[in-house]
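Starting from the structure of chain A, add chain B where the hints point.
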Amino acid sequence: MSTVTGVSAADELPQPDGKKPRQGDRASTGRIGDRLFGGAATLSGVIVIVLVTLIGAFLVVQAVPALMNNSASFFTSRVWAPGGEQPAFGILEFLWTTVAASTVAMLLAVPVGVGVALFLTQYAPTWLRGPAATLVDLLAAVPSIVYGLWGLVTFFPVWKPVQNGIEDTLGWFPLLAPTGISGGTIFFIGIVLSIMVLPIVTALSREVFAQTPTAHKEGALALGATQWEMIRTSVLPFGRPGVISAAMLALGRALGETIAVTFLVSALADGSSWTWSLFNGGETFASKIANNAAEFSNPGKTGAYIAAGLVLFVLTFIVNSIARVVIERRKAFTE
Amino acid sequence: MSTATDRRVPGDAAVDDAVAPPGGGPSRDALAEMRNPQRSRAVTDIVARVVMWGAFLVAVVPLVWILGTVVAKGVHMLTSSTWWTGNQRNINSDDFGGGARHAIEGTLQMVGVTALIAVPIGVLTAVYLVEYGRGPLARMISFTVDILSGIPSIVAALFIYAVWVTTFGIGRSGFAASLALVLLMIPVVVRSTEEMLKLVPNELREAAYALGVPKWVTVVKVVLRTAFSGIITGVLLGIARVMGETAPLLILAPYTKNFQRDLFNGNFPTLPMMINQDRGDYALATAAERMWGAALTLILLVLLLNIIGRAIAHLGSVKK
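Top to bottom, those sequences are chains A and B. Its first residue numbered 6, the first sequence is counted upward by one per residue in the numbering used here. Its first residue numbered 6, the second sequence is counted upward by one per residue in the numbering used here.
Okay, chain A solo, but in the shape it has when bound (with noise of 0.2 Å):
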């Protein structure tokens, strides 16, 4: 049996002269070999605190600025003029767009992924496991831009015509009315997007999924339970945080997603009057600061699109930090 950490048992035991055990850093002879290496790895981690804390600094100090000559609203507005004397920029098709689409994506992407994840780990026969969790994970390794190209030259084409019979039937709903954009929309990219987190999602709930504990299982079984009741009453109880942390990351993935949406997009003309359709066009943050790379000419310009990457920041990070917090408390639980 072996441990499993980095921790000693030497840690531990008192100092010859009784004092407390020398722990962490100070745990080493004191040589300067140690000093050095020790200093080396305490100093990378600082570096990766120092960037982190960079990146949001320099973003708040270069979006500042260019906020405050902002004659819009930034939160409310959804004119985006950024150039000029009276430069006047809002968010909030941006916000839209992205948040709409991303949770278009989750929603097919999460039902999906639990069940790959619910297949691999209690259905499939033990022979193709191994194979089929690598075809997943296979999905994780094709580049966003492939899924770009492969959305805009290969599946919209095909989507397109689903789409309009979608229109024709469902219109009335006013998520689903129809808006005349012909290129890709809110939906479209949702789903594109969902195929892209997918492994993320199944990856993650897979492995909570296989760390089921045998008992709850057997005695589920034991009482006469099916496998889909086994599954229902012991499995996914068990995994549920697993899996909402699992959405989360992939959430956080689906908001940053940058060069298959700026492929995909279809970039609304301005002054379109506001509707609620997902079968509308318009732009996510990532795709409209990926689409504007060369405007970067002045820095009040820069700034504006800065501030709207630093909202995307903000998300995500949100996003990120929920997922984090509930795996933590699964750990608390569980250990």
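This list has only true hints and no planted wrong ones.
Residues of chain A placed beyond 10 Å of chain B at every Cβ, according to the derived structure:
no.	residue
1	E172
2	L175
3	F192
4	P246
5	V248
6	I249
Cβ-Cβ distance ranges computed for the label pairs, FRET-style:
no.	chain 1	residue 1	chain 2	residue 2	range
7	B	V55	A	I323	33 to 39 Å
8	B	A290	A	A182	33 to 39 Å
9	A	Q91	B	G271	33 to 39 Å
In case anyone wonders, no lab produced these hints; they're calculated from the structure. Don't be surprised by glycine CBs; every beta carbon is placed ideally from N, CA and C.
Positioned in the frame of chain A, the structure of chain B alone reads:
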């Protein structure tokens, strides 16, 4: 837990038997009453089974479709005589062919430099987290690594732009893009290395200490050496992850059709940007062909790294 129960696979005959009404016990009336709910439970069970198989098939369809599309449309280009040797100089969208060597070399050079910076920081941070850190600093580092792993690539690119171009006034270049990729690669390396270091049995460390070996020599020569193949795997997967990133290149490293080995000055050729370039004219068969060719080349490079990484993990994994 006994090994016998561990070996049981859920879904075997015992489970399905549970559906059948218990034999012999209750009266006929009672059985008739029970049969309906029993049957609906059985039906639900079968439906669930079908749904799970369906979910898996639904997940495989896009994978096959995407890979099939890229291979079918791109393989022609890869067999062209100039693809692996030439560049795109003086080749317009409506000209056929040209090479991708400039972009392949550029991509490899860029991720190489990225790895040179990200790997030492990542591995040392993992060493700190596993071998040294215990207190609030370690928790803080662990948390920021999580944050870093969730940062969208476009935000990393904006940050580097804000530092490199806006603040220091240095122009866009391949190296600036490398720096953005470093930010994306560090968390991958830290997390995978951490997992590997945790697998190294403590007995090895204690044996080294017992022989009077200093801690740093123990870490370098015992712990890191034991975990070496796992670390290499993590590094390769990290490189594969950043190789396909396009957003930072879009903002920081404009494309050139020429050979360019200078990371620090001017435009820089990379495979994702080559795809992006030809995407603009994909209605033209010539540009579309190049676009798919470059996409296939990129996928092959990424897959190659994944396969090598997994093979190394398989061959040299830490055994109990």
